[in-house]
Amino acid sequence: MQKNNDNSSSSFGTRSAPKALVLTGFGLNCDWETTYALELAGAEAHRVHINQLVMGEEIGEIARLEDYQIFAFIGGFSWGDDHGAGVIFATKLLYNIGEDILRFIEEGNLVIGICNGYQAMVNVGLLPGFDGDYRSRTVALIGNDCGNFRDQWVHLEVEKASPCVFTRGLEHLELPVRHGEGKFYAEESVIKDLEEKNQVVVRYADSEGNSANGSYPDNPNGSMNDIAGICDSTGRVFGLMPHPEAYSHWTNHPNWTGLKERYRRGGEPYPQEGYGIQIFRNAVEYFRQ
Amino acid sequence: MVARLEITLKSDLFDAEGEAIRRKARDYFNIQLDEVRTIHVLTIDAQLSQEQLESARRQIFTNPVSQISSFKPLAPSFDWAIWVGFRPGVRDNPGSTAVEAMEDLFKIRFQPEEAVYTSRLYLLQGKRLGRDKRGYRLVERIAKELLANDLIQQWRIYSTEEWNPQEGIGIIVPKVRLAHEPTVATLPISSDEELQALSQKRNLALHPNDVPVIRSYFLRPEVRTARSEVGLSDPTDVELEYISQARSDHCNHNTFQGKFYYRDLGTGETQVVDNIFKTCIQAPTLELKQRKGWVVSVLWDNAGVASFDQDTYYVITGETHNSPSNMEAYGGALTGIVGVYRDPMGTGKGSRLIAGTYGYCVGYRDYRGPLKPHLHPRRLLDGVIEGVRDGGNKSGIPTPYGQVFFDHGYMGKCLVFVTALGMMPATVSGTPSEQKTTTAGDLIIMCGGRVGKDGIHGVTASSEIYSEDTPAGHVQIGDPYTQKKMHDFLLEARDRGLIAFITDNGGGGLSSSIGESARFSQGALVELDKVPLKYEGLDLWEIWVSESQERMTVAIKPEDLKRFMQLSEKHEVESTVIGQYTDSGRLQITYHGKTCAYVDLALLESGFPQWEFEAEWVEPEYRGLKEPVLGPPEGHRRILLTMLSRPNIASKEWVVRQYDHEVQGTSAVKHLVGAERDVPNDGVVLRPRLDSLRGLAMAQALNPTYSRIDAYHMTACTIDETVRRLLAVGGSLGHLGGVDNFCWPNIQYDPESNPDGKLKAAQLVRANWALRDYCLGFGIPLLSGKDSMYVDGNLEGDFGERHKVSGLETLQFTGTSVIEDVQRCLTMEPKVPGDFLYVLGVTRNELAGSEYYDLYGYTGLNVPQVKLKEVLPLYQALEQSTRGEILASVHGIYRGGLGVHLALMAMAGGLGLEVELTKVPAEGVKRDDVLLYSESAGRFIVTVAPGDRAEFEERFKGLPWGCVGRVTEKQKLAVRGLGGNVLFRVGLQQLKSAWKKPFGKL
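If you're matching them up, the sequences are chains A and B in order.
81 is the number that the numbering used here gives to position 81 of the first sequence; each next residue is one higher, with no gaps.
305 is the number that the numbering used here gives to position 305 of the second sequence; each next residue is one higher, with no gaps.
No lab work stands behind these hints: they were computed from the structure.
Even for Gly, the Cβ is constructed at its ideal location relative to N, Cα and C.
You may find that some hints are simply not true.
Derived CB-CB ranges, DEER-like [as the list claims (entries may be wrong)]:
1. B/989 with A/268: 30 to 36 angstroms
2. A/193 with B/885: 36 to 42 angstroms
3. A/135 with B/70: 39 to 45 angstroms
4. B/180 with A/135: 48 to 54 angstroms
Where chain B lies over chain A, by a calculated footprint (3+ residues, C-beta under 8 angstroms) [said to hold, decoys possible]:
5. 197 to 205
6. 260 to 272
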């Protein structure tokens, strides 16, 4: 885990493994676990500092987006989230490597944004990305209605009709949310468009899988229509507030000790992998097809 | 030019920040507001064109979906408005990131005098507020007691009438302007009295016994000769400040290394207790280190190092940040947590942070008495919670565990405990990671933030009792963003083998970090003019001792400089060479080539007299403590519900959920567990290496009320509780690491200002005896520890009189254990109906200092005691049962006793419990209330599957256990008393609503 080099590659990457770039620096902080989750899913993942893309030559460490197939905008507090979550992060991306990112998407690659990364993608306009327009800012993630940062696990229902590559075959997920600004907000017309175009990917639900209907804490932040994550029209660009990378092992789940007791008494094996890995595995599978 | 940009949410959007203020005004002050809306203000003091300003407004600072903004005032109608901004020189984190964003967007550099200042405008609507003087007073109260702290902030109040819609708040630029030429003063030392007076005047906090030693050093002929060669005569202010910092109790732990004349007034026996640090902390730990191969590095570095697995170490330390938090809760606690994070970063060649924890001891949230602390406990607690929240969350470090404790004594000074855990590889570039040294020729580099007037004399202030004249300059705001960048940078530098030595700049600033690191090479030459400053005009001594945050001092080889600087640039962290280590035996400081300090390092290592204390112990019964005459109660059901609603028992979920406890993906056992994930577990477990099943268990305890009887047993019980918390999650007796954090009231006797100082000194000695006895008994090496010795305050009462309020003698104990396979970890909730319920360990009549006695206002005499010989075999059996996976749940019995902890388990499981008290192993207990609420140490409650029952009972053969009942599907806790009668039967929902009543809506 303590690698000696930022760019050390996966030990279990294969020749066919897609390469994933995990963006780090400036207060982003889910880099190690996102890298690990991608590798567990079969990708060859590299932690890359934003400045390696922006000013690689000056610092003697160049990274090129064109060498990768999966681009992960991870969680954290970029620039302290001081002027709105993911705000300065978005400016930094847009005015330094904006064109590269657009080309990356156009070339058929995958982009995932989690929490702070999702907030930045929305602020850049990469999402919702209606019909290939990756520059219009039409949705926002604003302060939680509860007024506080909140860490809790949520139930998510996956929209089956969504074209999202990352959630293929998934129906129900449990993941942690950890944010102060995760309330999904857009004008009614935008929400309507999102829903009609099946770009809503995951929604907050209750433990039975019913819609949370805005009720706290099943919907932890007051998101409109319980929206927890959306994708672009192609399904290749995906953003969500919950953290799939934080559920890489079954013991991450808050009730695993109860599950274990049932497995143990029933003589069943323990599951090992956490369900969050499926999201990353879907991304890797996408390139294997 | 100066421009003022205002940003606010679109009017149809819910303003959560404003709503929180509306709610607090109602709940805290009973002030009814209809609505509060907030406007964020950026005051941009820079040479930017109109186009640039407009571009920054649109492209950076305004979200077109949710916000509107303008360079003209945005405020629509309101009844009152409050503007709150920082005072000059206070750290403005959003201001700095705003500069960074604009520099990047326009590809420009802001000039040193240019800056962005952030502030807030709050618009209050309240029909019942009134626009008259009374209305003003209410609004002023909101400004003063909710929104702003006058130590760091300024505010203005506007009525509708006064408001100029064109000008708005006008242009307010809190720029530091120091029209001051930096100077060095030479200070005369013709007599001890003169030096002592100087110490008072300059707030040096020199101990009177140190004064002659310092004077005689500067009068020594050979010293004077050497000094004259570099142009110095009498000591300079830089030198005296340096010595004062190094000799402060905070840095030097003079109290723990002092000499105690301990007298037992009962027996008349007197003994000299020389250096409790050496005898009670160092000696036992070194002895245990011999036996325990997993102890890697202790007692010298910023944090302790222990083995996690073959090629990884974990690093741990704990700190307190009481004085600053007491004055500015948010800033103090934030600075505290980011400060303690720098300790593992500066341990060995540097470690990566993996967790932090908190402990808050404060006055009661609903305090309504006459005393006037600087911050009401409610506001103070809100502030410290938020400070640690921002410090931890923004650093990307999980905060998986913590505790909150209320007691009136903490009104004088609150306690803010912060603990940090890190990880490092066992070797770095082929060398042992825990080792480091400076060598003559190494460059001294300062990394991270710049130096301002912040925090000057923080160290000496925390070595004093709080009073209104305590200089406010030591209050600061931490900057987790800058520190996170520095953290990532330094780890890369470490892994490339560039770091020879690293330490943090905390208390005492450069004075401490360079002063201490220079002892390795035996000398340093520092060029103070090279130190990057936030603003001009600091005197040299201020640069030297400033505690401006987020800085590390690093030693590197000259040949590594280029590579180091390139990495620094990559991470956009400022690093500056400010000098060189030498082997001259001296610390020499220059400013533009002229020497301003020239001190032999040896001065600080010898010649200073030990501090001395008189300690007088009086057994509790001779202090008038006794068991209360208390008849047996009848309303057992109501007692339990009342106990659950008491602040020290009630749910504190509102605190836990504000902390990101899962970042890094390492969470294996969380603090909140159970069917509804809302009951606190005994301890937490991390799986810090994602590619391994190994776990690191962590738990903390504090039991300060037992100190009312005897701090020896307070300490014993606190250590025992920590051990049980670790065992409950699956920890092992073979690997128990400890961290001791003492917070004590002043122990220096003074007939007028501290008449019970001798007793408090005796309590400290006794607590350390227990620390020694139980660390040896349980086999706990102390990986790290700290003490904070002046937990007292002088608070103003109703009539202008002042009351001294002292905190309880408090030890927070932190424990760690390494677990081979996290899949064997346990949580406290019963999991399957039909399981058997056991109580392990003996319950005795030990209610003194308990929550139950406190309910009636009693202290009592029978304090819980830890019988090592009795509990150790029980703990061994428990550990083996956990390892053998024959337990379904384990929970220790702590504050509140068996009754409270049965209720917690039932609530957690969402399952009923049927309990018969006759089956509980007990000694000398004849009453139901005693059995239910005694806080005897050494006890657990466990549940066991019917199929594992025989094996379980076999393992515990000969040990005190009782099968007290079953887990049921009924949603009830049902308890039969010693007489066989049903004492109470309470529904789980009812238990939970009582338990969540005090803080459930926060």
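Taking a Cβ-to-Cβ distance below 8 angstroms as contact, does the segment 197 to 205 of chain A have at least three residues touching chain B?
Result for this restraint: violated, n = 0.
Between the segment 260 to 272 of chain A and chain B, are there enough contacts, at least three residues with CB-CB distance under 8 angstroms, for the coverage claim to hold?
holds (count 6)
Distance restraint hint 30 to 36 angstroms, applied to the beta-carbon atoms of residue 989 of chain B and residue 268 of chain A:
33 angstroms, holds
Cβ distance range 36 to 42 angstroms for residue 193 of chain A and residue 885 of chain B, holds or violated:
53 angstroms, violated
Quick check on a hinted range of 48 to 54 angstroms for residue 180 of chain B and residue 135 of chain A, using CB atoms only.
Check passed, 51 angstroms falls within 48 to 54 angstroms.
Between residue 135 of chain A and residue 70 of chain B, does the C-beta distance stay in 39 to 45 angstroms?
24 angstroms, violated
Comparing the model with each earlier hint shows violations of hints 2, 3 and 5; every other hint is respected.
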